[in-house]
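Student: For reference, the chains in residue letters:
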Amino acid sequence: MVPDATFTSYYERPIVKAAPWTHDIPAYLFLGGLAAGSSLLAAGAAATDRPALARTSRLGALAGISLSLVALVHDLGRPSRFANMLRVAKPTSPMSVGTWLLMAYGPMAGLAGAAELSAALPPVRDSLPGKMLGAVSTPAGVLAAGLAPAVAAYTAVLLADTSTPSWRAAYRELPFVFVGSAAAAAGGLAMIGAPVAEAGPARRMAVGGALLELAMEHQMEQSMGITAEPLHAGQAGRVMRASKVFTIAGAVGAGLLGRRNRIAAAVSGAALLAGSAGTRFGIFEAGQASARDPKYTVVPQRERLTYTEETSVTPGEGV
Amino acid sequence: MSDVATQAGWVDPPPRKGFFTDTSVCIGCKACEVACKEWNGVPADGLDLLGSSYDNTGALGASTWRHVAFIEQPGQGPADFRWLMSSDVCKHCTEAACLDVCPTGSLFRTEFGTVVVQDDICNGCGYCVPACPYGVIDRRIDDTSTDGATKNVGIAQKCTLCYDRLGDGLTPACAKACPTESIQFGDIDELRERARSRRAALHADGVAEARLYGDDPDDGVGGAGAMFLLLDEPEVYGLPPDPVVPTRELPLMWRRAGLAALTLLAGAVAAFAGGSR
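First to last, the sequence lines map onto chains A and B. Using numbering that gives the first Met the number 0, the letters of the first sequence map in sequence onto residues 0 to 318. Using numbering that gives the first Met the number 0, the letters of the second sequence map in sequence onto residues 0 to 276.
Honestly, I wouldn't trust all of these hints.
Covered by chain B, according to a simulated footprint, are these stretches of chain A (three or more residues, beta-carbon under 8 Å) [claimed, not checked]:
hint : stretch
1    : 11-23
2    : 55-63
3    : 139-151
4    : 204-215
5    : 267-276
No lab work stands behind these hints, which were simulated from the structure alone. We treat Cβ as the ideally placed atom computed from N, Cα and C, and that holds for glycine.
Use the sequences and the hints to build the structure in full.
Tutor: Next comes the structure, spelled out in structure tokens:
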């Protein structure tokens, strides 16, 4: 049945409130995913003797997670109270779970990245702290890679566990979109920073991630009903369309030209990074738009009530 | 079945407290809005003419903890015109999304079964704001008209059901100020009975459209601590028709995220295992 487009509202005012978050949050979604994917690539590169790929990915993870933390703290209403996040550990709060994940992942990714920085500076590398850093970099990198998939996936739950219509309705597919986006971004960054001879796994991860992201995003829109509309409208719609173009172009470039030409690989990698960022910003903005329009709160709830009444065996007393 | 305060760890808590707002006797005086602001020291949040009947408050928010809605309905009722008025407030849900998602523990369940922000703990992460299915709680922004004297800027704020007054055995300011007893305060169980008999009385008087909102412990938030008697559909008043706490689906969400994380890990392994270099 075609959903009834008419609905009632109170002077067309929103019912739920849009998150009071700035672009710090989609930037974090992108950078955190980039860091997580890069940690996976770095650990694989270290294990398979691909030093340039390991260096690029470890530095990418370090930069990604550092900027993530800056964005997250900056977005707080009271940044000086950041540490209050550490008062409790609450499984009912995806943000609390994420905080603790980042507390574990961040230092590991940081150690592995710092070891690469120190290795680039021989006086530091040969000092005692430099040697210690070199010794812990491999286990730290492995631990970072072990935590990375959770870091990449939990942000989807962070958005979905809200009353923001277009985030919540996407909860089934959103984690897959986000991990795909993370893999595409990390693969893209490695294609820029590592020579083509070492970047084979990065290319495969980039193409695989892009395909996963595109396929699951399509499926997500099919399952969201009316709340998929904001993904196509206005600013969010433009960003989502551009993001798809970048992701497809980057994946095609990575698959066809990535192994032959360093320039083509770097351009493809940049396109994949842009596509991944666009996905995060587009989904973020679509959710905010869905919260501001009471239609996306009222219509799905009305449909649910109608469905419940139609299928109810024992109708409740008059509402 | 144990009480919501007991579940939160309180030993021998007092009976759960809440509101029953009977909108059929609301006269739109906004004494509740004023009393709330006065007692709780809630700062000004702009002086606008919104062009929505007598409602120039707009919506619940960080600095509006009671909001009186005005709906003009031409062509209805014996006078061919009907005016609906309703004082909205935080629902103090049995299953409270804001409380569930708060990462600092600032939001907590009081011994009265209500949900309150601890101002000195909240770091303004803002997660409770999109979590609330009613759009009640918000992060307070600095109102430039008060020269930076606004308190609690940057943190989440909402109705406390006058936690300080409850502790002294007093009635919350809004209910105390209400001249028509549209806002009634008391033990939740008793209020629910009162709400149901009021609905029955109105039905007997021929007001067939009278309905209760938030009184059902089996609803999407496990029953609200603030229930309403409405004379039209909830969305007419700016209320969601069938709110469900998002955390109900959280176990499913974690499962999907776990599958996605495993997919990423397997993909990374395959990227290194597959192909040559």
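Student: Taking the hints in turn, state whether each one holds.
Tutor: Comparing the hints with the structure gives:
no.: 1; hint: 11-23; result: holds (count 9)
no.: 2; hint: 55-63; result: violated (count 0)
no.: 3; hint: 139-151; result: holds (count 5)
no.: 4; hint: 204-215; result: holds (count 4)
no.: 5; hint: 267-276; result: violated (count 0)
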